[in-house]
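Single-letter residue listing:
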Amino acid sequence: MKNPYEVLEIKEGASEEEIKAAYKRLVRKYHPDQYVNNPLSDLAEEKLKEINEAYDFLMKNKGNYNRSQGSNNSNNQQYNSNSSNIYTQVRMNIERGNINQADEILESITNRGAEWNYLKGIICLRRGWYDMAYQYLQVAVNLEPYNSEYRTAWSNLASRAQAYRNVGTSRGYRNDTSLCEVCQCLICSDCLCECLGGDLISCL
Amino acid sequence: MFGYVTPYKSELKVREYDIFKAYYCGLCKTLGKEFNTLVRLGLNYDLTFLALLLSSIEESRETITREGCIVNPIKKKPIVNTNRSLVYTSNISIVLIYYKLLDDWKDDKSVKSLVCTIPFIMPLKKANNVYNKKVTVIKEFLTKLAELEKSKCSRVDEAADTFGKLMEAISVPDYIEDSRTERVLRWIGYNLGRWIYILDAFNDLEEDIKNKNYNPIILQYGYNKNESIDSFKSRVIAPIEFSLTMSLEAIAKSCELLDIRKNRSIIENIVYMGTRYKMESILNKRECRKNEKSI
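Residue numbers (the numbering used here), protein chains in the order written: chain A, 1 to 204; chain B, 1001 to 1295.
For reference, chain A alone in the conformation it holds in the complex:
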């Protein structure tokens, strides 16, 4: 086993609070939701397992075993019980990573309903074709608005894009060039007015 402190990215001898905070942060980072339909999702799962083990180890050694759940809802792929055989085949291929084969089977189907569009969307996602993935998933959701599997996959995309942006924003990312320019423009206009004897903004 790796050094649990290293796994949790904390200093040795960190307090219980620090361990818990680090654990929570990392679980959020590697949560299966963040890697849905990502070809590297198994690696994220491994990482999460490592984190859980490290956390368990540290907590046990403090005689305080209390682990919040976060990882165990990863493999809850729900299959439509009434889905026809051929779609099950496609799903199995996707799960095994045989994306091209899954796509071939899918392309041979001429009757293209919500499930077809959903699976096509998932295949696009696994390939990194996000534009088409979004379109296919949207069609699936429009055709069957009450299917939670389709809706979850579709809204997961938007929430992941947002999660990505949030990391940058929390680290100080600002793209307010336009705001800067507005200020510059105002200050310049004020200077010009003052040169001519007037005043645009009295406090400047």
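Read the hints as simulated data drawn from the structure, not as lab findings. Backbone N, C-alpha and C fix where the C-beta goes; we use that ideal spot for every residue, glycine too. A couple of the hints might just be wrong.
Some residues of chain B that are not near chain A, with every Cβ distance over 12 Å (derived) [claimed, not checked]:
#: 1; residue: 1025
#: 2; residue: 1099
#: 3; residue: 1187
Okay, the calculated bits of chain B under chain A, using three or more residues with CB under 8 Å as the criterion [what the hints assert, rightly or not]:
#: 4; stretch: 1007-1017
#: 5; stretch: 1149-1162
#: 6; stretch: 1239-1247
#: 7; stretch: 1276-1282
Take a look, some chain B residues computed to stay more than 10 Å from chain A by CB distance [as the list claims (entries may be wrong)]:
#: 8; residue: 1037
#: 9; residue: 1044
#: 10; residue: 1059
#: 11; residue: 1063
#: 12; residue: 1064
#: 13; residue: 1074
#: 14; residue: 1136
#: 15; residue: 1139
#: 16; residue: 1194
#: 17; residue: 1206
#: 18; residue: 1228
#: 19; residue: 1268
Place chain B on chain A using the hints.
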């Protein structure tokens, strides 16, 4: 290659900025040492990022020395000493630039480009001797890319796929043995290539519409002759920004899975902020220019 992959400077520590620069200069020096001085002009930021990323997963620390350089021989700058990731990226640079120049010559009959290939001929031979497999793959995907343009592929995702695969191939040097690391690097490379390709296509919209060049964005979203370029851009910006953001998300999430041993903060700065900044400023360029004029 295009130089879209740069750090977001205002959130970079001075020390981090120095290290990034040291990699940039290190790649330049390595190009000079491995090949000749003229090829150093082809240096770019995208491959600097690759060198930084590949070095970050090495166990040994980079050694940085202060040296003068041709551009400014008196002022000494920190420079990363040649290591295997720099040697690898410098070789890949040579191959990419050579074929890019050759491509420009074929497309536009630009004599300048043809003349520029001359200093690359010997280096290309050298790179081909050591990295023969990679050179073959690069050639293969570049041919495919040209075919794609000829057949006027009208799906952005599909058009970007080829360049993604090219970058995927060059992101993994042969010396990487760990299969996990290889998978992660491949996925980073694929998404990076895709992102660069689409962003570049958007950046070229105006020119391509004017010159009637191939551009998958124009075809997929059906540019109509009566609409202004601005209104076309504002029509396509949302889906393209989404698709690009998802690529960056995939890169960032992959970096989290990489066993990064040093310079993590710089890499995260680039994947979470630098690339996003570049993307947002290119997508919103038109508006910016308008504001400047109004001042």
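Against the structure, the hints:
no., hint, in the structure
1, 1025, "holds, 26 Å"
2, 1099, "holds, 24 Å"
3, 1187, "violated, 6 Å"
4, 1007-1017, "holds (count 3)"
5, 1149-1162, "holds (count 5)"
6, 1239-1247, "holds (count 7)"
7, 1276-1282, "holds (count 4)"
8, 1037, "holds, 37 Å"
9, 1044, "holds, 23 Å"
10, 1059, "holds, 14 Å"
11, 1063, "holds, 25 Å"
12, 1064, "holds, 25 Å"
13, 1074, "holds, 35 Å"
14, 1136, "holds, 22 Å"
15, 1139, "holds, 23 Å"
16, 1194, "violated, 6 Å"
17, 1206, "holds, 20 Å"
18, 1228, "holds, 21 Å"
19, 1268, "violated, 8 Å"
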